[in-house]
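Below are the chains, spelled out letter by letter.
Protein chains: 2
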Amino acid sequence: MKYVRLFEEAVGLSRFELGGKGYGLVEMTALGLPVPPGINISTEACKRYYALGGKMPEGLLDEVKLKLEKLAAKVGKGFGDPEKPLLLAVRSGAPYSMPGMMDTILNIGLNDEVVKSLAKLTGNERFAYDAYRRLIQMFGKTAMGVKGELFEEILERYKQKFGVKHDIELPPDALKQIVEEFKQLISRETGRGFPQDPWKQLETAIEAVFKSWNNPRAREYRRFYKIPDDLGTAVNIQVMVFGNMGENSGSGVGFTRNPSTGEKRLYGEYLPNSQGEDVVAGIRTPISIENLDKKLYEELVKLAEKLEHHFRDMQDFEFTVENGRLYLLQTRNGKRTAQAAVKIAVDMAEEGLITREEAVSRINPSEIMQLLHRRLDPSVKVKPIAKGLNASPGAASGKVIFDTDEAAALGGKGEKVILVRPETTPDDIKGMIAAQGVLTSRGGMTSHAAVVARGMGKPAVVGCESIKINMEEEYFETGGGVRVRKGDVITIDGTSGAVILGEVPTVEPELTPEFRKLLAWADEMRRLGVRANADTPEAARKAREFGAEGIGLCRTERMFNQPERLPIVREMIMAASEEERRRALDKLLPFQLADFKEIFKAMKGLPVTVRLLDLPLHEFLPPAEQLITEIYEMRIKGAPESEIAEKEKILRKVQQLKEHNPMLGHRGCRLAIRYPEIYEMQVTAILTAAIEVLREECETVGVQIMLPLVSEANELAYLREIIEKTAERVFSKTGARIPFKVGTMIETPRAALTASSIALHADFFSFGTNDLTQTTFGFSRDDVEAKFMAGYLEKGILKNNPFEVLDTGGVGRLVKLATEEGKKANNKLEVGICGEHGGEPSSIRFFHEAGLDYVSCSPYRIPVARLAAAQAAIARKEKAPITI
Amino acid sequence: MKYVRLFEEAVGLSRFELGGKGYGLVEMTALGLPVPPGINISTEACKRYYALGGKMPEGLLDEVKLKLEKLAAKVGKGFGDPEKPLLLAVRSGAPYSMPGMMDTILNIGLNDEVVKSLAKLTGNERFAYDAYRRLIQMFGKTAMGVKGELFEEILERYKQKFGVKHDIELPPDALKQIVEEFKQLISRETGRGFPQDPWKQLETAIEAVFKSWNNPRAREYRRFYKIPDDLGTAVNIQVMVFGNMGENSGSGVGFTRNPSTGEKRLYGEYLPNSQGEDVVAGIRTPISIENLDKKLYEELVKLAEKLEHHFRDMQDFEFTVENGRLYLLQTRNGKRTAQAAVKIAVDMAEEGLITREEAVSRINPSEIMQLLHRRLDPSVKVKPIAKGLNASPGAASGKVIFDTDEAAALGGKGEKVILVRPETTPDDIKGMIAAQGVLTSRGGMTSHAAVVARGMGKPAVVGCESIKINMEEEYFETGGGVRVRKGDVITIDGTSGAVILGEVPTVEPELTPEFRKLLAWADEMRRLGVRANADTPEAARKAREFGAEGIGLCRTERMFNQPERLPIVREMIMAASEEERRRALDKLLPFQLADFKEIFKAMKGLPVTVRLLDLPLHEFLPPAEQLITEIYEMRIKGAPESEIAEKEKILRKVQQLKEHNPMLGHRGCRLAIRYPEIYEMQVTAILTAAIEVLREECETVGVQIMLPLVSEANELAYLREIIEKTAERVFSKTGARIPFKVGTMIETPRAALTASSIALHADFFSFGTNDLTQTTFGFSRDDVEAKFMAGYLEKGILKNNPFEVLDTGGVGRLVKLATEEGKKANNKLEVGICGEHGGEPSSIRFFHEAGLDYVSCSPYRIPVARLAAAQAAIARKEKAPITI
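Chains as they are written, first to last, in my numbering: chain E, 44 to 927; chain X, 44 to 927.
Hints were generated in silico from the structure; no laboratory data involved.
Check before you lean on any hint, since a few could be wrong.
Copies of the same chain look alike in the list, so a pair counts if it works inside one copy or between any two.
As the list claims (entries may be wrong) - Below, simulated SDA-like cross-link-like pairs (lysine to any residue); rule was C-alpha separation at most 20 Å, straight line:
{"hint": "1", "residue 1": "K692", "residue 2": "E668"}
{"hint": "2", "residue 1": "K511", "residue 2": "K696"}
{"hint": "3", "residue 1": "K159", "residue 2": "K219"}
{"hint": "4", "residue 1": "K473", "residue 2": "R780"}
{"hint": "5", "residue 1": "K701", "residue 2": "E668"}
{"hint": "6", "residue 1": "K701", "residue 2": "P666"}
{"hint": "7", "residue 1": "K838", "residue 2": "E720"}
{"hint": "8", "residue 1": "K430", "residue 2": "K511"}
{"hint": "9", "residue 1": "K768", "residue 2": "I716"}
{"hint": "10", "residue 1": "K159", "residue 2": "E126"}
{"hint": "11", "residue 1": "K117", "residue 2": "T555"}
{"hint": "12", "residue 1": "K511", "residue 2": "G545"}
{"hint": "13", "residue 1": "K696", "residue 2": "P666"}
{"hint": "14", "residue 1": "K529", "residue 2": "G123"}
{"hint": "15", "residue 1": "K696", "residue 2": "M514"}
Please read all numbers here as calculations on a predicted model, not as lab measurements.
Let's have the full structure, built from the sequences with the hints guiding it.
Now the structure itself:
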């Protein structure tokens with residue numbers, strides 16, 4: 044096995060063999076860029092080291108010695124040779140960048156003897172001893188495990204003693220004393236001395252790099268970022284160049300384009316008379332690259348161009364100037380903000396540097412979410428006082444208000460308020476409408492507050508269990524003991540779940556021209572359609588603005604839930620006969636009709652999938668516990684018997700409707716089979732609205748009527764007949780006839796398992812992956828996320844929260860099976876997905892591969908979905924490149 | 044197409060072509076038995092009739108005419124010929140017996156003219172006019188749609204007028220007048236006269252038979268018994284023989300063996316001077332066949348032997364004696380009680396008449412359930428006052444008691460009580476233990492009352508929604524307005540769900556010697572193992588007695604739920620720290636240890652599968668609504684603040700533990716992952732118990748530890764490690780080491796879908812088809828059965844309640860898939876099922892075919908399962924014969 048190569052011998056090897064850093068250095072060497080010569084020990088050596096149970100592979104050091112001799116000959120120096128000392132930098136370098144590992148030891152090859160001759164040879168004693176104390180310090184810390192702050196303490200003491208501010212100002216004598224103290228420190232702490240033998244230094248440093256691959260921080264990092272444990276790290280041994288040789292030397296970092304805005308202009312910082320780590324450590328203020336002298340700047344610009352041209356991406360590079368000569372020490376793809384990522388990708392495609400497919404593939408769809416909501420100003424540092432579930436994205440500030448009516452009143456006057464409640468109920472809708480955002484201490488991602496806020500596009504943080512709300516005295520207290528009273532201003536960040544005291548400035552979302560261009564490219568590449576989950580005309584308009592090709596899910600619950608309608612809905616529920624129920628439904632009809640008309644108008648001819656009522660009836664009544672309490676309070680206060688009786692009547696109805704597991708109870712199509720008049724009203728409203736829109740605006744509507752919670756083909760067949768009869772009544776009453784589709788949610792395992800039968804009665808399927816995840820796992824989302832999901836993720840029992848990232852092994856298997864069998868049974872069947880996974884990139888890729896026709900997601904996720912759908916299509920063509 | 048055949052021409056055709064009655068007649072003709080000659084019109088003619096939209100197939104009547112001529116020639120008579128009148132009986136006869144259809148019209152061929160000559164020819168005017176009035180009456184009713192009671196009224200009037208008791212005593216003149224009145228009645232009611240043309244009579248009768256195939260009663264009957272709608276009915280036209288020719292004539296029915304006991308002895312009834320329908324109508328008291336004159340009796344015995352020998356089953360036959368000559372009019376397999384069915388099958392096998400496989404196949408496993416519980420004495424007629432869900436089989440009588448403590452007190456004194464409650468909670472256990480049975484007005488088949496009662500083997504009727512319980516005044520009222528007060532005696536029948544006022548005698552269950560023999564044969568034939576769901580030593584002993592080969596499900600909830608343990612369980616739940624929790628668990632350990640020892644001893648070395656705790660913790664605390672009410676009541680009554688505070692503390696815990704959907708919440712293995720100490724205690728108790736039993740009784744135990752609610756392989760892997768560590772602690776503490784298996788319930792769709800991963804960590808799977816049905820359909824059983832299952836069955840949306848009969852398309856598909864993939868991944872995997880479907884015959888057949896290793900069911904279902912498993916094995920060998 045050959046493990047060790049000079050950089051020029053390693054050209055053509057992959058980053059998996061050379062590590063990321065080594066790959067960059069080898070490539071730059073091959074390009075003829077000024078890289079200090081060096082040697083790469085491949086990741087294979089590290090793997091072998093672990094295969095041997097933590098022993099250096101036989102022959103490895105001999106190989107190193109051999110190559111080092113060549114290296115020394117090349118630069119005309121000798122390792123450990125005081126006459127012409129060769130100093131080395133040893134750097135770790137794994138295939139994926141891993142901040143958890145050992146980084147760098149500089150100046151290896153110095154010892155008590157060599158330092159003296161170095162001082163003589165350079166005529167710079169300060170430089171020589173500074174280099175030596177750096178070696179001892181880095182070596183002691185990273186190769187021998189002495190705590191870094193012990194070195195810093197000594198250094199600090201000397202700086203005080205000599206009355207200087209920066210290391211660099213320390214006189215040679217001080218540095219000599221520091222070197223001695225450092226050596227003593229190491230002996231004291233480790234029982235072994237700092238090795239004077241340069242070979243020992245090198246060997247120890249190489250082994251330290253290998254060991255660092257498995258230190259706890261590195262392991263944790265890998266687990267978090269899902270990096271395999273068996274990749275190993277490479278070691279790079281490079282001839283030292285010195286940025287700290289005086290004012291004609293220095294070190295810096297550069298970005299080939301602005302990592303914050305994406306602007307195509309060299310960007311970076313430079314610190315004269317410094318070594319690499321000084322810039323990062325921030326001990327002195329560096330200067331901007333643009334302010335360098337013209338010659339150096341232009342040289343850098345030229346290098347940057349070469350780098351970009353070769354690596355075909357924005358590069359983040361490190362460089363050193365030694366006595367006026369420029370060296371490149373590292374290059375890698377640069378980290379960037381979402382905004383910069385978009386601009387860079389689009390610019391590079393337009394420059395012809397990369398293809399449009401590459402531009403689209405390079406954007407992480409999850410990251411662009413930050414561009415789509417009013418968000419916390421990223422330039423302001425904040426410290427959250429609590430953290431809950433990030434139920435509805437975006438940031439909002441306002442006065443804390445606990446009472447819904449008060450929130451509605453203040454909001455109505457134009458005051459900004461945040462409604463804070465243990466949980467919300469339909470009674471709180473008016474407060475939510477008036478508020479900037481909602482904060483609850485209970486409930487999960489599908490709690491009332493979360494669902495309604497997402498529907499309204501309002502920020503919400505829910506299930507914030509660390510705050511204790513005292514509703515009576517109107518304050519809440521955080522786990523950290525902060526008490527927030529009514530009227531205090533807070534900011535909530537629904538994107539992260541953070542709650543912050545005071546008002547934090549926010550910035551507007553923006554679809555920049557580059558972003559629009561990128562999405563247009565994505566649209567050309569994708570096969571999956573992208574629709575929106577939108578329940579209101581506002582949401583529908585927003586969805587169109589973001590590029591939705593229709594509404595994949597228009598829930599009708601909210602239409603029932605609005606304050607002026609809720610009393611009618613309750614009348615319907617309390618009805619003692621079908622006749623009474625129909626009377627109440629007749630009163631609801633005009634409201635629904637108006638809702639649908641607005642939404643249809645907003646969607647201008649695109650398909651609109653309306654899901655008929657799904658919620659169980661008791662959701663529209665107050666909870667029993669509350670009623671019992673109220674009844675007792677009324678008794679204690681001596682309220683009139685008639686009022687109490689009225690309350691008791693409601694209580695009886697609530698108890699009668701009560702269910703052990705409402706999620707699996709009498710709701711959705713099951714309710715409609717018992718009370719078909721509810722769907723009859725809704726279908727009448729939908730079709731009448733479509734006909735009126737056609738008449739008033741000459742705009743056709745792609746009406747798709749969707750039934751919830753079907754788990755048996757006969758349910759669909761039974762209701763389809765009722766829907767078709769209702770349609771005939773509408774057509775004969777209005778004298779018009781329009782086409783419409785009838786389809787079903789697939790949100791129970793049985794629906795998926797019997798898709799071939801259901802498909803015979805359906806024009807379309809839409810996977811409700813939220814409920815499908817609940818039933819497939821047997822997880823009640825509200826309960827699971829509140830009680831044990833965190834523990835499951837912590838213990839690694841689940842890799843992802845399956846309500847966020849589709850569980851492909853279970854839920855996904857059902858999705859794939861139902862799509863295949865459904866389409867086989869009915870080749871006209873259209874298949875989509877309208878669960879929250881419809882906006883999650885890795886899930887979208889799965890849906891693409893499973894053969895779905897479209898995804899539907901919340902309006903703000905539409906651009907994410909467009910991008911992810913395009914990436915899925917590209918990835919299927921050519922196995923996607925691994926993004927590092 | 045040939046539709047019409049003389050009986051002798053039809054030999055070898057199937058009952059699908061000839062109908063059941065026709066098949067019997069043709070077979071008997073072929074055997075040379077004395078069958079009146081006749082013609083069969085095959086079911087094809089009826090199908091054709093409907094294919095033509097309700098029109099007689101062309102040429103059909105010509106065919107009939109042709110065959111009729113042959114028939115007439117054979118008997119030397121002429122149809123419609125007054126000189127030698129041929130009279131005919133027309134009878135319907137579908138492939139499956141269908142009481143909903145037209146049955147018989149006798150004496151076709153008589154008219155005003157023929158009757159006169161018949162009177163002359165027979166010299167029996169009374170006979171002739173009686174035959175004529177019978178024809179007009181039957182024809183009017185079944186072929187012309189005149190209400191039967193209108194004829195009866197006329198007949199009754201004449202009997203009064205002539206002062207006679209029986210039709211037969213009416214003088215000829217009276218009969219003549221009746222004939223006239225009948226004819227007028229038909230004209231008045233139908234606007235058409237009774238047809239004098241014999242051919243018209245025959246044609247109309249044939250068409251009436253065809254039409255009767257689709258009358259509402261017949262359709263309903265077919266839907267109920269799942270008989271296809273497209274089979275059609277045959278028509279049998281037979282030469283009349285007359286049992287009403289005088290004292291030397293008569294008619295009777297016979298059974299080749301006793302249909303009630305199975306005894307091998309001719310059994311039946313005979314009515315002299317009567318026609319067939321008279322016996323059934325019960326107008327006069329018939330005499331027992333045994334009391335017939337010896338010659339006739341011996342002739343019948345011989346015929347019966349021939350019939351049995353040919354049809355190889357007990358026959359129910361009809362016969363007529365005309366002037367001393369015996370005719371057989373029908374034979375079919377006789378209906379019988381479960382007890383008789385068993386005896387007959389076993390006897391016939393021992394006689395060599397049928398094989399043992401046939402004997403086993405012939406018993407309907409569902410029916411033998413009635414042999415396995417104390418049941419209502421079948422000889423006593425009862426009228427239920429209400430009907431609920433048949434939650435736990437068996438019958439019990441006792442005084443109605445509403446208060447648990449009172450029930451416990453009275454029961455302790457030896458009084459028989461029935462505990463009546465809206466629903467039960469763990470607090471009611473002591474009352475349930477003391478009671479004979481339980482009746483609740485709420486809850487489904489898995490409600491607390493249902494589950495606990497089944498576990499105890501006590502009769503229970505639950506969800507009896509038609510009764511309104513007034514707990515304060517201690518009475519309940521039925522829908523029919525019956526008020527039952529505390530102390531009144533009622534009987535509940537948990538097998539049917541009936542509630543009966545007063546005490547109804549019951550009979551003991553019995554395993555007759557024949558039954559034991561049949562089961563022993565079944566055991567030799569079956570491949571599936573049969574285990575029991577048993578939570579107590581008594582249940583375990585009962586299970587062994589009934590032939591269980593182990594315990595497939597021993598639930599531990601009940602051990603937590605017992606009165607003396609509940610306070611400790613609550614202490615565990617209220618614990619503020621792990622340490623406190625462990626202290627409470629330590630106190631529970633000895634109880635569990637003792638429980639397991641008893642059960643292990645009862646099972647004497649057979650495998651015992653113990654399911655670790657499954658219920659969510661809040662199940663062991665009172666419901667919030669109750670606590671709120673109690674707290675207010677305490678306030679109002681001025682109870683001490685400390686007591687109120689204590690209650691409020693519990694309320695807070697209850698609210699904290701509260702879940703939206705407990706079925707899908709923090710329970711089963713999920714709870715154990717959060718609080719492993721609960722399972723550690725249980726595993727310690729199980730293994731210690733097994734070791735102590737081994738030491739004390741030298742009896743090994745097949746310990747199988749089962750985890751509930753796994754939906755992800757990592758859950759099992761995580762807990763398996765904890766279980767194994769706990770086992771090591773037990774082994775090192777006791778100094779013994781015993782083998783044990785660890786496995787999992789498969790009760791969520793995801794567990795089934797990922798069975799190949801889960802199987803890698805499991806020694807066995809056990810399908811929890813109750814929960815799997817709930818999650819696959821998205822059905823909360825308690826809610827679904829209470830709110831809409833009845834409607835679904837009524838509307839035909841579901842064919843069966845999937846909680847009773849396995850849903851093969853959805854749930855079954857998962858069972859099959861998980862069995863196949865689980866066994867493929869782990870070829871040592873043992874796969875069973877412990878849901879309620881484990882005792883349901885058609886489901887057992889599915890489990891056999893899906894490749895499971897065993898079924899587990901309640902002890903009383905064990906014989907059912909043994910039989911059904913054998914039938915499944917037989918059916919797989921040779922496609923099972925259709926039992927009619």
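We went through each hint and held it up to the structure:
1. Taking identical chains as interchangeable, the C-alpha atoms of K692 and E668 lie at most 20 Å apart whether they share a chain (14 Å) or sit on different chains (16 Å).
2. Within a single copy, K511 and K696 get their C-alpha atoms only as close as 32 Å, which misses the 20 Å cut-off; across copies the closest is 15 Å, which meets it.
3. In this assembly of identical chains, the alpha carbons of K159 and K219 lie at most 20 Å apart only when taken from the same copy (11 Å versus 149 Å across copies).
4. Proximity of K473 and R780 under a CA criterion of 20 Å is satisfied in neither setting, with 38 Å inside one chain copy and 66 Å between copies.
5. Taking identical chains as interchangeable, the C-alpha atoms of K701 and E668 lie at most 20 Å apart whether they share a chain (12 Å) or sit on different chains (12 Å).
6. Both within a single protomer and between protomers do K701 and P666 lie at most 20 Å apart by alpha-carbon distance, with minima of 9 Å and 13 Å respectively.
7. In this assembly of identical chains, the alpha carbons of K838 and E720 lie at most 20 Å apart only when taken from different copies (17 Å versus 49 Å within one copy).
8. Proximity of K430 and K511 under a CA criterion of 20 Å is satisfied intra-copy only: 13 Å inside one chain copy versus 49 Å between copies.
9. Taking identical chains as interchangeable, the C-alpha atoms of K768 and I716 lie at most 20 Å apart only when both belong to the same chain, with a minimum of 15 Å there against 52 Å between chains.
10. Taking the shortest Cα distances, K159 and E126 sit within 20 Å of each other inside one copy (10 Å), while across copies they are farther apart (151 Å).
11. Taking the shortest alpha-carbon separations for K117 and T555, neither the intra-copy value of 52 Å nor the inter-copy value of 102 Å comes in at or below 20 Å.
12. In this homomeric assembly, K511 and G545 come within 20 Å of each other (Cα to Cα) only inside a single copy, at 19 Å, whereas the closest approach across copies is 57 Å.
13. For the identical chains of this complex, K696 and P666 are neighbours both inside a copy (11 Å) and across copies (18 Å), given an alpha-carbon limit of 20 Å.
14. For the homomeric pair K529 and G123, neither the shortest alpha-carbon distance inside one copy (71 Å) nor that between copies (104 Å) is at most 20 Å.
15. Taking identical chains as interchangeable, the C-alpha atoms of K696 and M514 lie at most 20 Å apart only when they sit on different chains, with a minimum of 19 Å there against 28 Å within one chain.
Against the hints set out earlier in the document, violations occur for numbers 4, 11, 14.
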